[in-house]
Amino acid sequence: MDILISSLFAGLLIGMVLALVALGLNIIFGVMEIVNFAHGEFLMVGMYTGLFTAQATGMEPLLTLPVAAVVGFLLGIICYYGFIKFLIRGPMVAQLLGTFGLMLFLRNIALLIFGSEDRALHHGILVDKSFDMGMGVIVPATKLTAAGLSVVAFVAVWLLMNRTKIGKALTATALNAQGARYMGIPTERMNALAWGIGGGSVTIAGALIVNFWSVNPFMGLLFTMIAFAIVALGGFGSVPGAFFAGLVVGLITEIPGIWDFFTYTFNFDWMNNVPMTSLKYMWVYLAYFVIVVVRPRGLFGWKQ
Amino acid sequence: MALLEIHGLIKDFGGLRANDDISITMERGELVGLIGPNGAGKTTLFNCVSGLHPVTSGRVMFDGQDITDLKAHEVARLGLARTFQVYVASGDLNVEENVMVGCFMRTRSPSRARARANEILKDLNLHDVSEFRVSELTVAAQKRVTMATALGSDPKLLLLDEVAAGLNPSEIEEIMADIRHVHEDMGVTVMLIEHVMELVMKVSDRVIVLDSGKKIAEGDPETIVEDPRVIKAYLGERYVREHGGDIG
Amino acid sequence: METIKNALDFSDSPRIDLTIAGLVALFLLVFPIFPHSAFAMATMIQFLMFSLYGMGWNTIGGYGGQVDLGKAQYVGIGAYTTAVMLIRWDVPFWISMPIGMCFAVIWSFIIGYPLFRLKGHYFAIATIATTLVLKDIFEVWDFVGAARGLEISPIKYIPPDFLRLIFKQDVYYYYVILGFFFLGILYVNWFRRSRLGFQLRSIKDNEDVAQSLGINVHWAKVKTYAIATAFVSLVGSFHACYIKNIEPEDTMSLDLSILIALMAMLGGAGSLWGPIIGAGILIPCKSYLKEWLGAQVGLVGIDLIIYAGIIMVISAFEPRGIWGIVEKVRRRKRS
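Top line first, the protein sequences correspond to chains A, B and C. In terms of our numbering, the first sequence opens at residue 1142 and continues consecutively. In terms of our numbering, the second sequence opens at residue 3 and continues consecutively. In terms of our numbering, the third sequence opens at residue 728 and continues consecutively.
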């Protein structure tokens, strides 16, 4: 029973962080219907930023979040004005391949600068502390904090999108770019802003994740795919959808733990033979496939 | 047996009723004009009949067969062809190849499709431009190419959606001749949506008027132009009150 | 008969194109006679393989306009079928290759049927997702060697073994793949002017119009996807015999899928010569960049950065590819 509850709990916690990861992708897609393959690489940039800022200054890792946010925001804006702006004039195949090029570009720059080894944070007030949640569930403080701060960041972005003038201009651009342009909204700047907010929110997630996950130049694709799955499940363009879908996908990544629980409980030998841990992320990909085929609008989507 | 029978067709988009209980019967060899103000539901009716939109209720019979629930390509194969109002082929197909796509409905052989396409292009006086891309042509020629493409499938019934919109008078004369040729010499039954009244009134055997999704009048062109309901639909209630039914 | 005639009929290409194509074909035929390095030979074989991959992708992606980013899974299916059958049951290439094609085509129907209900980005990402699922399964599946992959050990065979496609010298592989290359061109040349080819180009233009011309849009896409798959799986089988060492990571990766699509796009998607031009430029670029820069100490990844830069520039500024430029210039000259 412990394993089951631990798994479910861990799944929900990581789900909250993943929701924040997907949020940026969702905003960008919502506003300008372009899929950013480099999204996972943005996350990686956030992780490296958090890691090196904390190591270089000896600062508490949680305090690096604003630095990561600024770096991500600038990265998003630079990518938009330097590249995406030109890309969106072309056909869809060019857009997909173009952002894939961006992904390779960022990945290999990281490889050139940082090398291929895994790097992890080893200091900070949260490291090696954990909370006993009762019923035998022990949660590392890093994950709990990351989840909590992710929710805060998520809500902040949601408020920005819904309660401010700028957010409303963004939503208007998302709904009807041409109409928005006639209303005097500078859609070009809105697109750039979407990239900025998208980049900033995902690098915050990165700076949180680096507290309990090591970083290397190749980890981006996995998170890109996870973000795609979340966005597809929540519905392209839906912010609350992204949150609940994040939780669901978080639970999906914990399928191996749940599987273990059933293996022990029912003592099925054959279940032991399935290399579940290696297939951890297959379920995410499979979930994406099933979701888009069965319900292309997602759970809360308004765009199709 | 009538070629096309539409019985009580209703089409809803969300809360909006685009076609409201429309019934139309067309005999073989007729040329029917379908008119009505913008938003009357003419194109929606075409989309429903040709299978692009599922109907909300009602039945459509074509050539003795119930086609209500068939998909668009199945309807097309039975011999019901149509053109589209706003469509410019942007792809890399040239005029001849465009028409060939239509011809491929009846044959697998590229050479036979090409031969048939050239026949049609000659028939419609388009063989001079057969090597051009559709986007390189004048609007009038583009419209005639869409007609030629639809004819490539050797249809029994051809639905033409605003083939004369945006053309100048001499081009309208030309396309009118084309329509007559298709109807009389090629023996195709034709229904056309048209805003250019001159054309509809000259070529149609019978005119059907839609307004706000309903069929409000039907009859030969001379009676339709004098029908007060039609005048009201086109010119508004107030105009009719002030001028009576007399607009000629 | 008409089929063969149409496949051999290139009369709609301008004479200058045919002259260039003829010279290139001649060069390809006699290339091994000239003195060359082993590296150049390997690059040429890669070029031919990727031309074929690109031609396959071009049927569905170029003529049909469906952005397929999951072609690598079929490379994997082809390669693994051939490798497993050869290693376990000593089945020759010429039998295992068509069987691999069958597996690939069956798999393409299984995922293509639901996938082609999707459009645009959904479709593109879903093709990636299925590839990753298959790759993950192969990475834990002991029967196919799991993550270690499979190795065809050449010692067991006496080269040159034409049945099993085991050779010592690359020149044999070169001529085998060159044969497939010429057949591939003839096939695509037939395909683009066949009924299905026309239907597909019409679908790319406008699906509603295509339907109203009696085309079963969904089925036409699924069929073409299967054709593209067969191409890719064939080269996958060849890859197994040629490389002799296959892993999920290099036969089913996203990078490979993207490279395949890129080939066609760089050259010009939806044109007969596009994928070949694309492969002819990109493959030498990639191999020589890697050869010159990839191994430099302290510069790991620099070749891929340049490569990524090329992708970005092309997709932002010349998405219609090189063939698109050629056509633009020609049209301008004509008018």
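Heads up, some of the hints might be wrong.
DSSO-like, lysine-lysine: derived pairs with alpha carbons at most 27 Å apart [what the hints assert, rightly or not]: (1) 73/B - 1055/C; (2) 950/C - 1226/A; (3) 846/C - 1226/A; (4) 204/B - 158/B; (5) 846/C - 73/B.
Hints are computed from structural coordinates only; laboratory data are not their basis.
Okay, the hints, checked on the actual structure:
1. 73/B - 1055/C: Violated, at roughly 38 Å.
2. 950/C - 1226/A: Measuring from Cα to Cα gives roughly 36 Å; hence the hint is violated.
3. 846/C - 1226/A: Distance of about 23 Å is within 27 Å: holds.
4. 204/B - 158/B: holds, 22 Å
5. 846/C - 73/B: Measuring from Cα to Cα gives roughly 19 Å; hence the hint holds.
Comparing the model with each numbered hint stated earlier shows that hints 1, 2 do not hold.
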